[in-house]
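Enquirer: Here is what each chain is made of, one letter per residue.
Protein chains: 2
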Amino acid sequence: MFDEKLLMTPGPTMIPTRVLEIMRRQIIHHRTDNYERSFDELCENLKLVFQTKSTVMTFVSSGTGVMEAAVVNLFSPGDKVLAVSIGAFGDRFSEIAQVFGLDVQKFAVPWGEPAAPEAVREILDADREHKIKAVLITHNETSTGVTNDIKAVAALTKDTDRLLVVDAISSLGALDLKMDEWGIDVVVTCSQKALMNAPGLGFAAASEKAWAAYEKAKLPKFYWDFKKYRNGILKQSENPPYTPAISLVLAQNEAVKILLEEGLETVYARHKQAALAAQAGVAALGLSLLPEQKNSSFVITAVRPPEGIEIGKIIKDMNVSYDVMVVGGQKSLKGKLLRIGHCGYFNRFDLIKTFAALEMSLQKAGYRFEPGVSLAAVQKAFI
Amino acid sequence: MFDEKLLMTPGPTMIPTRVLEIMRRQIIHHRTDNYERSFDELCENLKLVFQTKSTVMTFVSSGTGVMEAAVVNLFSPGDKVLAVSIGAFGDRFSEIAQVFGLDVQKFAVPWGEPAAPEAVREILDADREHKIKAVLITHNETSTGVTNDIKAVAALTKDTDRLLVVDAISSLGALDLKMDEWGIDVVVTCSQKALMNAPGLGFAAASEKAWAAYEKAKLPKFYWDFKKYRNGILKQSENPPYTPAISLVLAQNEAVKILLEEGLETVYARHKQAALAAQAGVAALGLSLLPEQKNSSFVITAVRPPEGIEIGKIIKDMNVSYDVMVVGGQKSLKGKLLRIGHCGYFNRFDLIKTFAALEMSLQKAGYRFEPGVSLAAVQKAFI
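Protein chains in written order, with our numbering: chain A, 1 to 383; chain B, 1 to 383.
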């Protein structure tokens, strides 16, 4: 109806006005004190969000780019890795590792389930000679609405020679992820999910163990070379190595400030509360989640459509008639899922509006329930 | 003095208000008709700017990223290439090729000179067995303010099995570059130079000959894989493969429209006129260019500082006291150059202001001349 949509999608997500205002400003040069001040501030604040003392590097990249960056910075051709996949993005990480010539042992679970840490432990235990150099894993799998227990998986690699590489693209800044405390070696994420910025920036942080692996890694790298970015930030070389996405970096600095003003614990709680409210709304409509409720993500709720209802039409109608965007299923789940994102810059009223639109569209399609039933359930969950 | 600076730098360059207004808008989702309409329009208009019928691909990337993309999409390890370098960015292209295991024959000329097409011809002629599969060359070298004669070099590869790969990062949209007519195989560029947008987007187009090379190229690629981007644009697969830098893409569409409204021929003429005016201003101050005047770039003027004047101080004073940013020399030319960019979104008054600021700063530093002499020369050149 209107031009502006409410995006309840797993990224891009809505951008706060304070952040948009910064994107509007005339460009500044990146080799200036003004830019460096802002970038340094961002780097320091990102460490808080990553919960690490390591340098957080910023790339001009989509999320996939920094996944590739992690692979080419840590490994040599033929290195064996365990790629844990619970959905489309786990598959992508595995594919990237394969393309770059790693020896990939893939551990895939049925879509809708998390990876059981116990099962990962068994695989690692079976690898007595420690041929597996690293575990690649997705923190939050948006394709299925499932979150992996990274803390438990990290406990398996923490005090070993193995690395843990975590795709935290849709989780960082929404779900608790204690990089240093849990012992994660590489965390990658990007700007357009919980970090409340426009897409275009990728971020990565690496532990000392990961930096030691970097020194041995033989895969060629130029644009993605971690060291150049770290040296830039630590002022050991030109800062930054290549022209950064200046507007997006300045906007990101503002967005991360907003995140820290709210407080990370409050932010995590807001996402959890929204997820529980969404789950209540779904149940009130007589619908079910793809995952078991205990595994259901706090940043995205994956709903099975009602029998006999073409879910693509519902999603389209919510968008066209009510300006609310949710998304469908990907790959093998195409046409079999409706996914509601509650990630980043959103509040409880956005979720209520989403269920209002969902109810309207479902009613129109002939699915019957007491109007308002999911709104009441959502409202109740928020109190 | 003020927060907003006039950037007379070789990138980032100033952004038109119409473009900034678009960056200010709330984000939209990339898998929507709205986004696709705008992206399709951009793709079509970019073909006009590239002067090609080939698909122009858009990446989330800095300029260096698309240089790397060209290398990994076209070649296999051990492939021999001729890297023509006339400055820092030619050196970078050569270095990228080396990092990815190509057999690089480097042809470097003294900084301040262009590559003589005759010399390139001799090198290619000497390679009787056609081991050299491609020539990598910079169109406009911002580090020295020199433009290469791409038309003449393209004539050497056009009807052969060799590829010509052109880094047009600081030239495309400012200097005439007839990709199809001259027979260039790959052109790469990015958003923050003559294309009048914020940094964060890289672009590449490939000829049929280049696509044939792609099919044989064995270097691993995932994020940079040309085919995924082309398939996305041609709707043969999901469009686009990864989350694009949505705000920057929509802004770029507007910026390219502005470029086409002015008309490419007019844009090229504006850059040429500004360069001649800048050269006149430099001469009026009794200063000299790094290159011979006939080789001096139309997008950036590289000036040798007056004897005994510390040029870094002049550049800093122009910025701090008068809010005009120009840049110094890079690498071996550090401290030996003042470079004035006149690229993208600028007009004659910006150049006059730049010379006014330069005069002020030079006077303060003790360099003597008749005040206003360069302004008069610039003004005269514009009439």
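For the record, the hints were derived by calculation from the structure and aren't laboratory data.
All values reported here derive from a predicted model rather than from experimental measurement.
Heads up, some of the hints might be wrong.
It does not matter which identical chain is used: a pair holds within one copy or between any two.
To be verified - In silico DSBU-like cross-links for lysine-lysine, where the CA-CA straight-line distance does not exceed 35 Å: (1) Lys235 x Lys336; (2) Lys106 x Lys133; (3) Lys218 x Lys353; (4) Lys209 x Lys316.
Enquirer: Against each hint, give a clear statement of whether it holds in the structure.
Expert: Right, here's what the structure says about each hint:
{"no.": "1", "hint": "Lys235 x Lys336", "result": "between (50 Å within a copy, 23 Å between copies)"}
{"no.": "2", "hint": "Lys106 x Lys133", "result": "within (13 Å within a copy, 38 Å between copies)"}
{"no.": "3", "hint": "Lys218 x Lys353", "result": "neither (51 Å within a copy, 50 Å between copies)"}
{"no.": "4", "hint": "Lys209 x Lys316", "result": "neither (47 Å within a copy, 41 Å between copies)"}
Violated hints, listed in ascending order, are 3 and 4; each of the other numbered hints is respected by the structure.
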